[in-house]
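S.K.: Sequence:
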Amino acid sequence: MAFFTWTENMSVGVEEFDTHHKKLVDLTNQLFDAMSEGKGRQVVGGVLEELLRYSEYHFSAEEKKMKEMGYPAYPGHQAEHQKFVEEATTLYRKFQGGDIFISLDTLNFLKDWLSKHILQTDMAYKPFFNNKGIR
Numbered sequence: 001m002a003f004f005t006w007t008e009n010m011s012v013g014v015e016e017f018d019t020h021h022k023k024l025v026d027l028t029n030q031l032f033d034a035m036s037e038g039k040g041r042q043v044v045g046g047v048l049e050e051l052l053r054y055s056e057y058h059f060s061a062e063e064k065k066m067k068e069m070g071y072p073a074y075p076g077h078q079a080e081h082q083k084f085v086e087e088a089t090t091l092y093r094k095f096q097g098g099d100i101f102i103s104l105d106t107l108n109f110l111k112d113w114l115s116k117h118i119l120q121t122d123m124a125y126k127p128f129f130n131n132k133g134i135r
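Heads up: the sequence shown is residues 1 to 135, going by the UniProt record's numbering.
If you're looking for bench data, these hints aren't it; they were derived computationally from the structure. A few of these clues could be false.
For lysine to any residue, the following SDA-like pairs were computed, each having C-alpha atoms within a straight-line distance of at most 20 Å [what the hints assert, rightly or not]: (1) 116 - 132; (2) 94 - 75; (3) 22 - 67; (4) 83 - 33; (5) 23 - 60; (6) 94 - 78; (7) 22 - 33; (8) 67 - 46; (9) 64 - 85.
Label pairs and their computed distance ranges (CB to CB) [unchecked claim]: (10) 68 - 99: 37 to 43 Å; (11) 85 - 130: 23 to 29 Å; (12) 64 - 105: 31 to 37 Å.
In this text, a Cβ means the ideal position worked out from N, Cα and C, and glycines have one as well.
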């Protein structure tokens, strides 16, 4: 059974972003698998780096669409993205420096943050984008 499962109730109604969210869930599961299978630091670090980079890519795409469409909650949404990137970057640097290892607490933080962000913050833009014909 997967550590983190994307379900239809997580759909934000924008196909591009649903695809991104599924990829982020998949990367979180890859990180869990690498950690639980005792993969080396290089493998775990590689997956963690990919998760960070893909998060940045996704956030950039979301923010671009929000700006283009005049999404009123854009500033707060962007700030939430920025805070996550800062926290994830710090986590990655500490991991690379040997100061921490990836624990179940770390994985639960990633899973819980992403799930909450999709189900609350991202879900708030669903009617806005859908009313503008973006699906």
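S.K.: Against this structure, judge whether each hint is valid.
M.R.: Against the structure, the hints come out as follows:
1. 116 - 132: Violated. Residue 116 to residue 132 sits at ~24 Å, over the 20 Å cutoff.
2. 94 - 75: Violated - the C-alpha atoms of residue 75 and residue 94 are around 29 Å apart, more than 20 Å.
3. 22 - 67: violated, 23 Å
4. 83 - 33: violated, 26 Å
5. 23 - 60: Holds, at about 15 Å.
6. 94 - 78: violated, 24 Å
7. 22 - 33: The given pair, whose Cα atoms are some 16 Å apart, holds under the 20 Å limit.
8. 67 - 46: violated, 32 Å
9. 64 - 85: Holds: residue 64 and residue 85 sit about 17 Å apart, inside 20 Å.
10. 68 - 99: 37 to 43 Å: holds, 40 Å
11. 85 - 130: 23 to 29 Å: 27 Å Cβ-Cβ, so the 23 to 29 Å window holds.
12. 64 - 105: 31 to 37 Å: At 33 Å between Cβs, range holds.
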